[in-house]
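Asks: The listed protein sequences correspond, in order, to chains Z and W.
Sequence positions in the first sequence follow numbering that gives the first Met the number 0 and run 0 to 281.
Sequence positions in the second sequence follow numbering that gives the first Met the number 0 and run 0 to 293.
Okay, the calculated bits of chain W under chain Z, using three or more residues with CB under 8 Å as the criterion:
| no. | region |
| --- | --- |
| 1 | 182-189 |
| 2 | 195-202 |
Some chain Z residues flagged as far from chain W (calculated, every beta-carbon gap over 12 Å):
| no. | residue |
| --- | --- |
| 3 | Trp159 |
| 4 | Ala207 |
| 5 | Glu253 |
Calculated directly from the structure, the hints in this document are not laboratory data.
In this text, all values refer to a predicted model and were calculated from it rather than measured experimentally.
By construction, the Cβ of each residue, glycine as well, lies at the ideal position given by its N, Cα and C atoms.
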Amino acid sequence: MVDQPEVASATLDALPPAAASSEPEPESILMLRKVSVSFSGKLAVRDVTFDVPEKRVTALIGPSGSGKTTLLRALNRLHDTVSSARVTGSVLLNGTDIYGGALHPTLLRSRVGMVFQRPNPFPAMSIYDNVVSGLRFNGVRKKSLLDEAAESALIAAALWESVRNRMTARAGVLSGGEQQRLCIARSLAVEPEVLLMDEPTSALDPQATRRIEELIDELSDRVTMVIVTHNMQQASRVSHRCAFMLMGDDRAGELIEVGPTDQIFGSPTDQRTSDYVQGRFG
Amino acid sequence: MLGAAVVIFLALLLGLAADLVYQAAPAFAHFGFAFVTGTQWNPVTTSYGALPFIVGTLETTAIAMMIAIPIGLGTALSLAYLLPKRLRLVLGTAVELLAAVPSVIYGLWGLLVVAPWSRTIIEPVIGFIFGHSGPASGPEIGIGLLLAGIILAVMVLPTMVAISRDVLMAVPSEQIEGALALGATRWQTLWRVVVPHARTGILGAVTLSIGRAFGETMAVAMIIGNTPSLAHSLFSPAATMASIIANQFTEAVEPFELQSLIAIAVLLLVMSLLVNVAARLLVRSVGRTHVSAA
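Use the sequences and the hints to build the structure in full.
Replies: Take a look at the structure:
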């Protein structure tokens, strides 16, 4: 658990970004400062400010439409591909604003990986080629390096034993859960500092879900994770911290409360958080 | 009602094929398999061999594909992902309109506009590169195999571009995002993820284009030079299966001449049907995987 003092989001809102970046808290790898996302001028996420502690699992929870996924995709600049999307505010990765122009999006994305709702291995590639695809995108050519990275990423994703003898098979031969672990391995091979996960188990059966959750737990001492989930039990099982989001009156998502998972589920400060985690709505 | 329509169309197709085979039978019976392998086409000596036309058809089609595949794929990628939205619409419509140009107009354009370029620029440059030997030997007269291939390439581009663009755009966005999220550049995403994902459909587009190039008659007949012998150079005048039929059937009065032309038609029909069935199977299999993935 994280033992840094809790600061209400309203207080942080008032902090000028300069003050925040000049004194980065050592444990925070990502700092969101008044992050807003809009599509065609319509606000989807408003003024979200919170910190993501290093080598911890932070869960984004909240009902559908509260902007969790939209916020997550702002953290690796995936909204860049949508011409109508606009992101304001700043996201500091180890103190560098990812929207500041100093960090190229492709470099950013090799440092901040992402796992998607539905497993999306590249079907035209073999299992091996899938795992090393990120390294190849980043210019790694040496076979020994690729082999080494593939093995260690697959071991980390708990997939090595089941695929080591069929590395040249197409990724499509794997089950859904295995495909998702392959996608996690693919992301890990690039050795990202942060791994974003967008409802990574929503397309999986309970057995495969449990294995992914175990995997998240095992990985949490080597990589920082931010996970979007609809599933309250999942959030309470895998995360150290929770950020609760809710759709405002104008249909834009807002951060209601952020804190240690125990506190969010045990004694939340906001009535709306309490209602949500106790299942009264959403 | 619908059943009747299907029966009528099937009957038409089978009747057409049966009639062609029936009329070509004397030539097949007389010449045997030598009809396919023979290289002479001489009404005076009653020797008819289809090989120059089969080879001419394959060669013009191959030249057309070598030109059309890179240009078509590049255009399709641009239309699907690279150009600004407004330009995509304008350019996409323009490419599709190319398909509406009657082939006789492509023939005229080829003969009157492109043939002079071919004689003065394209053929001399290729001749220079290959040292005026091998496939680039012989007189550079403008018309011939190469010009036919170039015009065919232009003619198949609309098919190639329209289908390739559609299958490229059908690549799920999660594939593109998956690549970007690993730090791929836009270029890497397109060439290593999007194009491989769409490869079956692109192959279908190429196969359909091959079918179109096989059967194209009018434009080719106007620009290929109509010489019924095996071409030994890109610059040689030649003939294709379709062009020899169009050029000679009105004057086919010698024994076995008309039957031999119809025999070529049978061969062409078989080749075209096979290629088109293959193309449709490829394009359809893409449609299916897309639906099942969605």
